[in-house]
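*Asks:* Which chain is which? The protein sequence lines are S and W, in order. Quick note on numbering: our numbering labels position 270 of the first sequence as 270, and the sequence is numbered without any gaps. Plus 1000 on top of the position in the second sequence (first one is 1) and you've got our numbering.
Since the hints were made in silico from the structure, they are not lab data. It cannot be assumed that every hint is accurate.
[To be verified] List time: in silico SDA-like cross-link candidates among lysine to any residue, alpha-carbon distance up to 20 Å:
no.: 1; chain 1: S; residue 1: K45; chain 2: W; residue 2: R1030
no.: 2; chain 1: S; residue 1: K45; chain 2: S; residue 2: P180
no.: 3; chain 1: S; residue 1: K45; chain 2: W; residue 2: N1152
no.: 4; chain 1: S; residue 1: K45; chain 2: S; residue 2: L242
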Amino acid sequence: MTPTDPLAALGLPYPFELAFMQRALVAAVAVGVFAPLIGTYLVQKRLSLVGDGIGHVAFAGVGAAVAIGTAPIWTALAFAVAGALGLEWLRARRRTSGDVALAILFYAGIALGVVLLSLGDGLGGGVLAYLFGQPLTVRDDELVAIVGIGAAIAVTVLALRRPLLAVVTDEEWARAAGLPVDLLNGLVAIMTAGVVVAAMRIVGILLVAAMMVLPVASAQLLARSFRGALGLAAAIGVAAALAGLAAARLWGLAPGGTIVLIATAIFALATIGTRARQGLAHAEGEGP
Amino acid sequence: MGSAVSDARSSPAPARLLVEAHGLTFGYGREPILRDVDLRVHQGEFVALVGPNGSGKSTLLRLLLGRLRPWSGTVELFGRPPWALRERGALGYVPQRPTLTSEVPATVEEIVATGRIPVGRWWRRLGPADREAVRHALESVDLLELARRPINELSGGQQQRVFIARALAGEPQLLVLDEPVAGVDAASQQRFRDALVHAIAHHGTGVLLVSHELSAVAHDLDRIVVLKGTVQFDGPAARLASAGVSLGVHAEDLPQWLEGLR
Ligand SMILES: Nc1ncnc2c1ncn2[C@@H]1O[C@H](COP(=O)(O)OP(=O)(O)O)[C@@H](O)[C@H]1O
Ligand SMILES: [Mg+2]
C-alpha cells in the first residue's frame, strides 16, 4: 500500500490521473496548508524573511547529506532546526540586529552547502530538485515525511492558536501573564524549520518562504478575524498549489515556480480588489 | 455607585494585602533609577501612581510584576515573590503602549479572549465560563457592539479599552495599568473610570493606576503615590490637593510641584 492508493481508487481525471501526479498533488496540497499556517505567525512578528534564512541553512543540510550519504530530508531538518533556534536565540538576546543575524545565516548556509556539495558529486540534478523544487518526482517515503511533518505542524498551530496569538501580538503582556514566551517562540522557530524542509522538495529552497508569506499577505487583506486569516491563508495556499500543479502539467512548466507565481497573482488580485472596494466606499462617503 | 464603592471599603474584615514592596532599589545601568521605594495596595483599593516622565513608574511596575529583579528590597504579590506567582490569572496587566501594530486581523473578541489564557492551563480550550467572562469584560468597557470588529479598525481610545478588557477577562484580584488613557478623549475616560469602579465595587479588585490624567477618577481614588526616584508622597488625594496640586494633575503642573519639593 502506498500513501496515494486512496486517490488512485478515486480515478482522478487529467491532469491528476497518473500516480506521480497524485503524489505531487498530495505533497503540494499539504504544503499549501501548513506553510501559510506557520507563516501567519511569522508575518505578524514581522519575520517574513526568516523562512528564507532557514532555507539557506537547509541547503547546507542537503549538501551535508550528499557529502556523507545520509537522507537529505532528515539531514536538512537537523540543520534547519539548529539554524532556526540559533536565529531565535540571537533575536531574543538582541546580541545582533535581526538583519545582520539573518544575513549571516543566508551567506553561511549557502557557502557551507556549496563547499559540502563539492566534497560529493557537486551540483548535480538531484540538488536542483531541492533548490527549485520538483514535486513530480516525489517518492513515497518523501511523501510520508512531508505529510507527517505537515500534520504535526498543523495540529500544533491550531491547538496553540490562542497562546501563539497572545505572544505575537503582545510579548510584554504575554510574559506578564505567565505564558512560556521563549518556549512558544522556540516552537514557532522549530515549526518554521519543519515547514522549510517539508516544502523544499515541492517549491524549492529558494521559493519556500514565498508559500509562508504570499498566501498570508493576501489573507490579511481579505480576512476580518485571526481565525479567518488562518483559514483563508491555508485555502489560498491550497488553491495556488492545485492550480500551479495543473498548469505545470498542462504546459510543461516548472511546478514550484508556477505555484509561487499563482500565489503572487492571487496577492495582486487581492490588493486590487481591496483598493477598488476602499475606493468605492470612499466615493460613497463611507470611507474613514 | 459611590455608595457601592464605600460599602465594599467599609467592610469590617481587614483587606488582604495584594502588593507589598519594601525598600526597592533598582537601576538599568550603574545609577539607580529607583531608591528605597515602598508601596502597598490592598484588596478593593484604588491607588494612583504619578510622577514626571522618566521618573521610574513603568520600571516600578516591572519590578512588581517580577519582570525585573531589584538590586535590593523585597516585593510580594499576593504574599509571594512575583516570579513564584502561581495564579497568574489573579493579575491583570495593561502595558504602556503607543499604538497597536497589528497587521494580521484579530477581532476585539479574539484579543480579549487571550486574557483567559492565564486562568488555568495555557494550552486548554475555552469553555462557557471563559466566554461569559469575556462577554462581561467587553460589556464593562462598553465594547460589546464592536466585539467582532478587527482591532486595527478601532480608534486609539477604543483599542485601549480592548486591552483593559483583556486584563479584566481574567477576573483579576489586582489590576495594574500603565498610562492606559494617555491621549484618550473624555468620553472614553469616563467609560474607563466606570469599568474600574465596577471591578473595585463588585469584584473587590485592587487597582494600581499609572496616569497623568486623573480628573475622571479623582473622586474614586483612595490613595495617590507620587514617584520621582523615591516616593515623594503617599496618602489620600485630599492631602495632596491641600499640598498645592489640584487633582487634574497634568503632565505639566505635576513636575513643577515636584520641583518645589526639592
Ligand atoms: N529597558 C531599559 N533600559 C535602560 N534604561 C531604561 C529602560 N527602561 C527605562 N529606562 C530608563 O529608566 C528611566 C525610567 O523609565 P520609566 O520607568 O519608563 O519611567 P516612566 O514610566 O516614569 O516614564 C528613564 O530614564 C528611562 O530612560
Ligand atoms: Mg512609563
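*Asks:* Does the structure break any of the earlier hints, and which numbers would those be?
*Replies:* Numbers 1, 4 - these are the hints that the structure violates, sorted from lowest upward.
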